Amino acid sequence: MNGEPVIDVRGLTKRFGDKTVVDHFDLKVPRGSIYGFLGPNGSGKTTTIRMVCGLLKPDEGEGTCLGYDVLNESMKIKNKVGYMTQRFSLYEDLSIRENLEFFARLYGLGHVRQRVDDAIASLGLEGRSKQLSGSLSGGWKQRLALAVSMMHNPQLLLLDEPTAGVDPKARRDFWDTIREYSRQGVTTLVSTHYMDEAVQCDRIAYIAYGKKLLDAPTAEIPGRLGLHAFKLDNGDLEKLTAELRGADGVEILARFGASIHVCGKDREKLAATVDRIRGEPGVRVTEIEAGLEEAFIYLMANSDDNFSVGDAA
Amino acid sequence: MISFSRIAAVFIKEMVQMRRDRPTFAIMIMVPVMQLALFGFAINTDPRHLPAAVELRDDGPLTRSLLASLKQSTYVEITRIVYSDAEGEELLRSGDVNFLIVIPENFETDFVRGAQPEILIAADASDPVAASGVIGALNEIARTAFAPELERLPARLRGGAPPYNVVIHRQYNPEGVTAYNIVPGLLGVILTMTMTMITSIALTRERERGTYEALLSTPVRPLEIMVGKTTPYIIVGAIQAAIILLASRFVFHIPFMGGVGAFLLVISIFILTNLMLGYLISTVARTQMQAMQMTFFVFLPSILLSGFMFPFQAMPAWARTIGEAIPNTHFLRMIREIMLKGAGLADIKGDLVPLVLILLVLAGIALLRFQRTLD
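So the protein lines, in turn, are chains H and A. Everything in the first sequence is counted per numbering that gives the first Met the number 0, starting at 0 for the first residue and increasing by one. Everything in the second sequence is counted per numbering that gives the first Met the number 0, starting at 0 for the first residue and increasing by one.
Warning: the hint list may mix true and false statements.
The calculated label-pair distances, taken between Cβ atoms and stated as ranges, are [to be verified]: (1) H/G126 - A/A36: 40 to 48 Å; (2) H/H110 - A/F24: 29 to 37 Å; (3) A/D374 - H/E237: 45 to 53 Å; (4) A/F24 - H/K27: 19 to 27 Å.
Where chain H lies over chain A, by a calculated footprint (3+ residues, C-beta under 8 Å) [what the hints assert, rightly or not]: (5) 7-15; (6) 206-216; (7) 364-373.
None of these hints come from the bench; they were simulated from the model. Fair warning: this is a prediction, and the values are worked out from it, not measured in the lab. Glycine included, C-beta positions come from ideal geometry on N, C-alpha and C.
Construct the complete structure from the given sequences, taking the supplied hints into account.
Structure (structure tokens):
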């Protein structure tokens, strides 16, 4: 993870009409890392990814992607970037093989047949290569899309909510593949809503309203926020929830199965509130270390969904 | 910089998609067949019982013999007999009759004297198909009607030309467009409709389905997409042209006078021009629905102002000016010249150059309009 950053952009800004979707965004993605984009819907994740790979022209800002200028060298960037769109964007009326062949030819790859055969084999779809891609299940569509975006051995992989609507098993397999690419030196920028995906990332940028609120190595994020947390279990959880919600020092309250987590930045106030509960019959209170989960719930609670902007824009 | 293999990739992809999209493909083939059947029916039907008036300014055995023959014939139905120009013209103008047959003053005496009196047939040729069939028949009717009378005439009148003249006035349609004109014209109209329509959704469909984003994320260039996406439809256009030509030869017996080379060149340029027009629409239209609406916006002038529907020279100046900018106008002129008059490339230069210019301008604008980004 040394050398020049793969993505290095400064002040990236995009407006649609009078709405600023991405607002003076800085981003440095080190080579070989898995970089996560988190944030509510409409926070500008997709728009940022599209600007990085030359699909949208930034209104302001500058920078490079793989050493090429994002403003006027987008053709060169496209040759070395694999982009997997949020919505399935392969041809549903083409077969698996035809889709792979089409994109292999667009990237000007040699030995198309061999490459496509290899891709089909590594997908484990040998017997189904003539199946129309529109008839594949969500998980298979996503794997095919990943295979297509990796056809030309890109140095940078841009994944926009790649596992939306995919079952947990397929999701885990997908991430195994991404980590394998990462080991081979491929840099990945991925946007996600899932916590189990966020923890896979080396570094995370949290975005809301087109602005970056936080950018840190994944492991450091809870500490950066300075959150303290207590776990309460046993006892009458309904009653506890009602009592604790909005109580002094409790900034977030979340149910995790048979327990309640309360978090806040002010440890003293939080501890005092929890102490009052301690006396209640059967309640067990433990202080825990605030994790990523708590951190993101905290971040999201403090940045409402900005639906008005629209994520697809 | 332009990569042939990328063009080939887009081309192959379009061919596969076209093959999978059976209904659309079927429509492309059915349109010419259907149009031909519809128009061909109108052409083939020998019109019968068309209302006609006779303006009698003379009377006598010859006139009565002609009247009797006309009444017997099934081509026209003598609905009125009038005795003045004013009455006759009013009937024709109002559309109460399609034909006015005028027997001039002193017809009988002039006939016998060998002064070759003129029988005037004024035809409302605004329905050219109907008019032309009947005009031919009327000539024949007159000949048979006068045949027995001719027998009794002195030999000097019997020999060469008939002792009368039939003068035909096609009114309201001076060009006298006939079936021969319609089928080649149909070629232009069908190609305009289908070629423009099919490429008008070329990019729009990709945009609507979301595949545009994947396409744009690759290093493919706008020109490569344009060429790859339009060439498959040249083949479709060629099939359509072949169907129409075969029908015009074997069903409608229209002569093909010109050279095949000139014909192929003209038709290829015309097909390309329409593909570009459609492609240009697809760079503008946001949805497939919009693309269709814009296509219809192109159809109407192509049919109405190109000289297909109305004779070009009879249109007002402003309409002719618009007409000159329509590809179909130039195509129709060239194809009629080639097919019916045997014109060569040199003869059609005046229309070939404008058509090529239109093609280049359309392709240029389409490329400029093509957006390399999703903005």
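Outcome of the hint check:
1. In this structure the hint that H/G126 and A/A36 lie 40 to 48 Å apart at CB holds, the actual value being about 47 Å.
2. About 32 Å separates the C-beta atoms of H/H110 and A/F24, a value consistent with the hinted range of 29 to 37 Å.
3. The hinted range of 45 to 53 Å is satisfied by A/D374 and H/E237, whose Cβ atoms lie roughly 51 Å apart.
4. As the Cβ distance of A/F24 to H/K27 is approximately 51 Å, the hint placing it in 19 to 27 Å is violated.
5. With 6 residues having a Cβ less than 8 Å from any Cβ of chain H, the region 7-15 of chain A passes the three-residue criterion, so the hint holds.
6. Here the region 206-216 of chain A counts 9 residues with a CB under 8 Å from a CB of chain H, which clears the bar of 3, and the coverage holds.
7. Under the rule that three or more residues need a Cβ within less than 8 Å of chain H, the assignment of the region 364-373 of chain A holds, with 3 such residues.
Taken one by one, the earlier hints fail for this structure only at number 4.
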